[in-house]
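Student: Go by the hints and put chain B with the ligands onto chain E.
So you can see what is in the structure, the chains are spelled out below.
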Amino acid sequence: MKVGIPKGLLYYKYHPFLITFFKELGADVVVSEDTNKKILDLGVKYAVDEACLPIKIFHGHAVALRDKCDIIVIPRIMQIKKNEYICPKFCGLPEMVTNSIENMPLSITEPIYTFTKKRLYRWAKSAGKKVTGNEFKIKHAFLKAYEGQLNYNAGILDENYDIKIALVGHPYNIYDNFVNMNLVNKLNKLGVGVETMEFTHELLISLEINNLYKRPFWTFARENYGFAVNASKEKRVDGIIYISSFNCGIDSVIIELIKDKVGSFPFLTLKVDEHTGEAGIDTRIEAFTDMLERRIVNESNIPTHG
Amino acid sequence: MKVTFPHMGNVYLAAKALLDGLGIDYVIPPKNNKEALDIGTLHSPEEMCLPFKLMIGNYVQAIQKGADTIIIVGSCGPCRFGEYCELQMNLMKNLGYDLNFIVIDYPKDIGIKELYRRISQVSSKSNRKTYEKLKALSNSLKVIRLIDEIEEAAHMFAGYERNKGDCKHILNECKEEASKCRTSKEMINLLIEYKEKIKHVPIDINKNPLKIAVIGEIYTVIESYTNFSIEDKLMGYGVSSHRGLTPSWWVKNALLSPLKINSLAIRRNAKKYLPLQIGGHAIECVGEAVTASKEGYDGAIQIFPMGCMPEIVSKSILPTISKDLDFPVMSLVVDDMTGEAGYITRIEAFIDLLERRRESVLFRC
Ligand code: SF4
Ligand code: SF4
Chain E
1 MKVGIPKGLL YYKYHPFLIT FFKELGADVV VSEDTNKKIL DLGVKYAVDE ACLPIKIFHG
61 HAVALRDKCD IIVIPRIMQI KKNEYICPKF CGLPEMVTNS IENMPLSITE PIYTFTKKRL
121 YRWAKSAGKK VTGNEFKIKH AFLKAYEGQL NYNAGILDEN YDIKIALVGH PYNIYDNFVN
181 MNLVNKLNKL GVGVETMEFT HELLISLEIN NLYKRPFWTF ARENYGFAVN ASKEKRVDGI
241 IYISSFNCGI DSVIIELIKD KVGSFPFLTL KVDEHTGEAG IDTRIEAFTD MLERRIVNES
301 NIPTHG
Chain B
1 MKVTFPHMGN VYLAAKALLD GLGIDYVIPP KNNKEALDIG TLHSPEEMCL PFKLMIGNYV
61 QAIQKGADTI IIVGSCGPCR FGEYCELQMN LMKNLGYDLN FIVIDYPKDI GIKELYRRIS
121 QVSSKSNRKT YEKLKALSNS LKVIRLIDEI EEAAHMFAGY ERNKGDCKHI LNECKEEASK
181 CRTSKEMINL LIEYKEKIKH VPIDINKNPL KIAVIGEIYT VIESYTNFSI EDKLMGYGVS
241 SHRGLTPSWW VKNALLSPLK INSLAIRRNA KKYLPLQIGG HAIECVGEAV TASKEGYDGA
301 IQIFPMGCMP EIVSKSILPT ISKDLDFPVM SLVVDDMTGE AGYITRIEAF IDLLERRRES
361 VLFRC
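Residue numbers (my numbering), protein chains in the order written: chain E, 1 to 306; chain B, 1 to 365.
Derived by calculation from the structure, the hints in this document are not laboratory data.
This one's a predicted model, so the numbers in the text were calculated from it and none came from an experiment.
Treat the hints loosely; a few may be bogus.
Unchecked claim - Here are some of the chain B residues that sit facing chain E, going by a computed Cβ distance under 8 Å:
#, residue
1, V27
2, P30
3, E47
4, G82
5, L190
6, I278
7, G296
8, T320
To be verified - Cross-link-like lysine to any residue pairs, in silico, SDA-like; alpha carbons within 20 Å at most:
#, chain 1, residue 1, chain 2, residue 2
9, E, K259, B, K199
10, B, K164, B, K199
11, E, K271, B, M306
12, E, K259, B, P45
13, B, K271, E, P111
14, E, K214, B, D336
15, B, K93, E, L257
16, B, K93, E, D260
17, B, K113, E, K271
18, E, K259, B, N94
19, B, K272, E, K271
20, B, K31, B, K272
21, B, K93, B, K164
22, E, K261, B, P45
23, E, K271, E, D41
24, B, K108, E, Q79
As the list claims (entries may be wrong) - Label pairs and their in silico Cβ distance ranges:
#, chain 1, residue 1, chain 2, residue 2, range
25, E, K235, B, G66, 41 to 47 Å
26, B, R346, E, D41, 25 to 31 Å
27, B, D109, E, G191, 28 to 34 Å
The C-beta atom is built at its ideal place from N, Cα and C for all residues, glycine as well.
Excised from the complex, chain E in its bound form:
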């Protein structure tokens, strides 16, 4: 049996788990190709106009897999942490995809809660059943996949750069190089090192969050906010770049919260959608880098008091 896995949204975070799980079940795993112009165009054609870019791209991947698999995984990720959510569009992702694209194959849409191993196993059991009747095999595949995920370390932590920035945003914007137009590469070429949130300890994130009047109930809002504020406060980075999609309700809130907290600390928001031109992005990151360089020179010229 061929199981299709679209390379969109949180694939970038959870691919070790998803791929190992279905491979171990004995399925043929088909992953869609890297995001490209064709996939984007398909997504724009099929998804509702008002959807954000990452959702459109996911639609594109789903269309690309439509005739290549017997069953497709549309992860309905409800919660990663207890009492926190991701985005309403994640909870309704299977509905969006199956109602917008005709002739979809059978799909795996069971809700996913990852905050305990037990909850996740519940998903594995019902999803696995669609591939094999062998419960022992499912358990085995689950354990392997779980372990594979634990051993997988995503994240970027560049060393030996004079300038460093914190790269903040949802994982699918940071790690999909078509969407961000090779942002990390470009920054590196400009002599800018990048750090992402995976290296900030959960405790430090919580400390920052506790300063808020209200605890954000979105996982990525919590993590991104905690990371950006912490990295700027401890001067691990010289600036913050936030990569966001137009019309992302979550980003619009996090960006404001961070900006309000870090004050005059250098902050650049890059917004992407299907019309974003590469030239515009290039100019903006170059200008931002120039500004950071000037600041560093100025700061080292000013004698420190006290």
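Tutor: Relative to the frame of chain E, chain B with the ligands by itself:
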């Protein structure tokens, strides 16, 4: 202390009744208007949803009239509304206003003690006795229920009225008069009187008007300023309309949701298309579309603000419902740039479509 609160449809009448009953000084912000929207748009982050911007406009205009304390309802659903308070507090502080925000949240999120502390910030300013305070609360709930009932009846009877414009006239007069009442008792009596009035509007039972359900995001369907008074317009066209999301529905839903016995029928009807709660009121939107079709409505109009996350999910589902049940649904997206003219053209075109469908059905028989 002079309190104020953001607008949402007729909620200000209930708030007025409550604060009058408590004897607390308050300012009602001017009804949503162009200037409020401009103020809100100027100061809010560009991609915030429309309700956020109007609320900022309400605050600023209320402050100009002397308000210094803002009461808002928070909620911890997976949607932006729950985060409003934090952003709005920061924003107003950065604009240089020294304000006290009182955020009423669900006890499960902040604890019953904290909720009590926040409420007593307001209620301790009232010198009324406890039973009077409770009376004020129950009166205000009565007000909102009454005005919702009157509105519902007016929207429905508008299609059947003998003298064109009766319902619209009575409804508007009722709101006008209610905002002039000085005590909650007076307001309740007035509303009861108007409820009788609207019940006795001369109607023609044999008429068979078009019936449209208004569904979508709660703020934009309730707050007529954001939807260019769609319900008034429908009344004007002689179309009967119904909207399930009302402030009194919201109150009931909030009270019943911990027991999971809220809106059972709606959730049952939505189940086939959207099995899980995703945040906002997407389930209600989908469920109401199915319900309306079952109840013989001619069509539904979905309204939501630009960028509204849950309603974008509903919008992808609605075409399937429309196809499955042969039930026309139109989606209208509103934001601070929406032009009224284009909006009206679309509503009229939709009504035409529904009328033509009826004719062709008759023709076939
Ligand atoms: S979090 Fe933002 S970018 Fe991601 S799906 Fe939701 S709206 Fe789109
Ligand atoms: S439901 Fe829509 S309008 Fe309401 S807070 Fe969420 S995104 Fe904004």
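Student: Against this structure, judge whether each hint is valid.
Tutor: Comparing the hints with the structure gives:
Hint on B:V27 is violated. Least Cβ distance to chain E is approximately 24 Å, over the 8 Å limit. For B:P30, the suggested interface contact is broken, since its CB lies about 26 Å from the closest CB of chain E, more than 8 Å. The criterion of a C-beta within 8 Å of any C-beta in chain E is met by B:E47, whose closest approach is roughly 4 Å, and the hint holds. For B:G82, the interface hint holds, the least distance from its beta-carbon to any beta-carbon of chain E being 6 Å, beneath 8 Å.
Interface hint at B:L190: violated, since its Cβ lies 38 Å from the closest Cβ of chain E, which is beyond the 8 Å cut-off. Checking B:I278 against chain E: minimum C-beta separation of about 4 Å stays under 8 Å; hint holds. Contact between B:G296 and chain E, as hinted, is not supported at the beta carbon level, the nearest pair being about 24 Å apart and thus beyond 8 Å. Taking 8 Å as the C-beta cut-off, the interface hint given for B:T320 holds, the closest approach to chain E being about 4 Å.
In summary, the hint linking E:K259 to B:K199 is not supported, as the alpha carbons are separated by about 54 Å, beyond the 20 Å threshold. For the hint linking B:K164 to B:K199, the alpha-carbon distance of about 16 Å falls within 20 Å, and the restraint holds. Annotation: proposed proximity of E:K271 to B:M306 holds, straight-line Cα distance about 17 Å (limit 20 Å). The straight-line distance between the Cα atoms of E:K259 and B:P45 is roughly 11 Å, inside the 20 Å bound, and the hint therefore holds.
Distance restraint check for B:K271 and E:P111: the Cα-Cα separation of roughly 14 Å lies within the 20 Å cut-off, and the hinted pair is therefore satisfied. Taken as a hint, the E:K214 and B:D336 pair is broken in the structure, with Cα atoms around 28 Å apart against an allowance of 20 Å. Note on B:K93 and E:L257: the hinted pairing holds, with a Cα-Cα distance of about 13 Å set against a maximum of 20 Å. Proposed proximity of B:K93 and E:D260 is supported: the alpha carbons are some 11 Å apart, at most 20 Å.
A threshold of 20 Å between alpha carbons decides the hint, and for B:K113 with E:K271 the separation of about 42 Å lies outside it, so the pair is violated. Taking the CA atoms of E:K259 and B:N94, the gap is near 12 Å; set against the 20 Å cutoff, the hint holds. Proximity of B:K272 to E:K271 is assessed by CA-CA distance (about 36 Å); at most 20 Å being required, the pair is judged violated. Simply put, B:K31 and B:K272 have alpha-carbon atoms about 40 Å apart, too far for the 20 Å limit, and the pair is violated.
Between B:K93 and B:K164 the alpha-carbon distance is near 49 Å, which puts this suggested pair outside the 20 Å criterion. Taken as a hint, the E:K261 and B:P45 pair is honoured in the structure, with Cα atoms around 15 Å apart against an allowance of 20 Å. For the given pair, E:K271 sits about 19 Å from E:D41 by alpha-carbon distance, which is consistent with the 20 Å threshold. With a C-alpha separation of about 18 Å, the suggested pairing of B:K108 with E:Q79 holds against the 20 Å cut-off.
For E:K235 and B:G66, the Cβ-Cβ distance of about 44 Å falls inside the hinted range of 41 to 47 Å, so the restraint holds. Distance hint for B:R346 and E:D41: a CB-CB separation of about 28 Å, consistent with the stated range 25 to 31 Å. The given range of 28 to 34 Å is broken by B:D109 and E:G191, whose C-beta atoms sit roughly 46 Å from each other.
This entry does not satisfy hints 1, 2, 5, 7, 9, 14, 17, 19, 20, 21 and 27, going by the numbered hints stated previously.
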